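Novice: Chains C and F, in that order, give the protein sequences.
Residue 172 in the working numbering sits at position 172 of the first sequence, with consecutive numbering throughout.
Going from the second sequence to the working numbering is simple: count from 1 and add 1000.
A portion of the hints provided could be inaccurate.
Each computed DSS-like pair below joins lysine-lysine, with the alpha-carbon atoms no more than 27 Å apart [as the list claims (entries may be wrong)]:
1) C:Lys340 to C:Lys314
2) C:Lys86 to C:Lys186
3) C:Lys218 to C:Lys233
4) C:Lys251 to C:Lys219
5) C:Lys120 to F:Lys1234
6) F:Lys1127 to C:Lys86
Because the hints were derived from the structure by calculation, they are not lab data.
Note that this is a predicted model, so its numbers are computed, not measured.
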Amino acid sequence: MDSLGTKLAALLDWERRKRREETLIAASFAAAALAILLAPLNFYLPVSWLRWLVPVGLLVAVAPWFFYRARWHRADSARTLVRVDKTLRLDERAVTAWELAEHGPPEGAGSLVLWQAEEKLRAVDPRALLPRRWRWPAFALLPLLMLWCALLWLDFDRPNDMRHAGPPTLAQQLREYARELQQKAKDQNLRETLNLGRELEKGAQKNLDAKSSEETLKKESAQTAEKFSAAAKGGAGRDSFSTSASEQSLKDLQAEITAARDLLELPESSKNADLGQRWGERLAALPQLKRQLEGGEQSGQALGQNELKALLDKLEQQVSGELDRRTVIDAQQYLEQMMKQGQGAKGENYARGGAGAEPDPGANGVREKNLSSQPGKEPGRQDQEGRALPELRAGASTQVKGQVGEGDSSALGFRGKPTAEKSTVSPAEINATYRRQAEQELNSERVPDGLKETIRNYFMSLGETNK
Amino acid sequence: MQTAEEIEQRIASAQRTFDQLRGEMGRIIVGHQELIEQVFVALICGGHCLLEGVPGLGKTLMVRSLGEVLSLSFSRVQFTPDLMPADITGTNMLTDDASGRKVFEFQRGPVFAHIVLADEINRATPKTQSALLEAMQEQSVTVSGKMHRLENPFMVLATQNPIEMEGTYPLPEAQIDRFFFKLLLQFPNREELGRIADLTTAAAPAALCEILDAAGILQMRQWVREVPLAQVVKDYAVRLVMSTHPQPKPANGSGGLAQRFVLYGSSPRGLQSLILASKARALLAGRPNVSFEDIRTLILPSLRHRLILNLEADAEGVNAEKILTEIVEQIPEVE
């Protein structure tokens, strides 16, 4: 009876193994099919190379359900042995013997059943008797996986504009640039730039949808560039600010105006006596604003709250207008450059610059003189503009949306080595920069209201302790 | 405890006996091989059979020959409308004893035989029918308060004429259900008819040899009950019997005809009959266990008389055979 038990166990084990294999193949097929169906969602994966692991992940997810559904039951054992009986024409001796053997050595006719079953099954090879029969998922799995690999290789799981179709077209570049321009305009409240940016994006999208030629796009861009030029000239005629001020200093001034306005919003500012004193203290921490007011007609100390507000509004309007005008000019130059050269490194560099950043390094890669980046040879002066440290700003405006794939690159060569000299930035300017950044952060909602005054006083005291 | 070899010899002996019986019966009865096997199966299962066939097919000859071959006493009762229960069971008769005194003496009726052929049972009144059916069930008769045991083994073969139903008393379904098998006698084919003519119009054949006796039959009845039945085969038989009942949601897509035409399905007696008969068939075939084929072969004789059909079946000419055949085709051996 032991040999019969061993033989029956071998038969059943072989069937169980075949079922596990079939289940694994079915689960793999389902995972591969799901991977193809869900391929368009690969775009949302955080890392690009993860999409190659999607079938593995899906397999891990669906395999438990497949194996649970295909788990082995007692009826499966009975079915297997019935199949053995039919194949060997045993008239159900094997399955009867299996059931009788489960309850121990039988007596009477049961023992004869076991004996005859043992005789018949002695020379049986389970693999030969119950050969593997591959179902259609086994044959379809490999082609399906190959199809999936091909789809991923050809980037069919990505949106049309992000596929491996070579470098981005001129219209795509223009559209991206227009979006960045709009974002910058929203962040800095540049009305004219925003309108022109929208118009530019509309034109680029129209060109993409209609799949028009580059020549058509260049013609349209030339018209848009004329609008930019007209807007720039119009901005120059309005309340424009001093054109000698750098963009960074204008931004600093804009931030300082916002900080100064906060003082006027505080409840204590209604008392003019305190207001004058506090205004003076605050102004000391805002060098750009102070410089403007001293250069203008009034310094603000003798003015009331409303007058100060009006003064600040006017100043901000002038600053925004100047920034707007300069942004429009930069955008116009970018468009003109693009129309000259079409796709290429220069156009991309303009896009990366986000309109209004450092000017193009030029064809030979030599950076043009920029006061904010060249090492100084003389001690710094407080009235030197453009020496302020770059502001730290978080948020979407500091990020440039990149494009997937290889793009053109450009290299800038620097000659000469820096020499050890005195710092060109004075401590007062550094402190002022810190105060300004602190004011900007305090204006956000991240700092509790009860701590704002404490923080403001701390930064105000920085310059005083150095003195 | 018997060894496997002894069991094997026992099974071989049963198979040999049955082969001899078939051979011996074949000298007298032309055709009806399957019928002979099923009657013998019913006998060694302790059941009774209902034979249905037109007159002249050799029912009486077959039963008498079976009795001779098995060394069993045989009696025939022709049922008529005026037949009384006492004509079957027997009655007390007033006789003279040895001293000349008048005493009542029980005169046994024809039911006191091993094999009783009840010809055209549907002709007698229900009261007379019930007397026989009671004897079938109890294996005894009670006359004047005294119980008289019948012979052992005891078997009733009742016949019905399917073409002359006028003026008859059809057996109620509850009484028909007590029969182990319902067997249909087919009209012989051309070749068989020719042989019948040769056998019956020429010199009488030699007497039949006795193959088995009552003790041997009782022994075989015990052997039948010892044949192992696998759970999966039993489950198959159960599913077949369950499928004869109209269910709200038929399992395995079966029960198409059963759903439409069956009013009431088979009783548990049908399952008992099916399983016991399958064991007997396995034994007579020389196998130590029951197979699916045994169940499929014996489902018709076991269940054809246990299905109560509705009027729609009668109108559309659907009988129990069609329904059972469909059930066998649809129900898988292993669920």
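Novice: Hints numbered earlier in the text: which of these fail when held up against the supplied structure?
Specialist: 1, 2, 4 and 6
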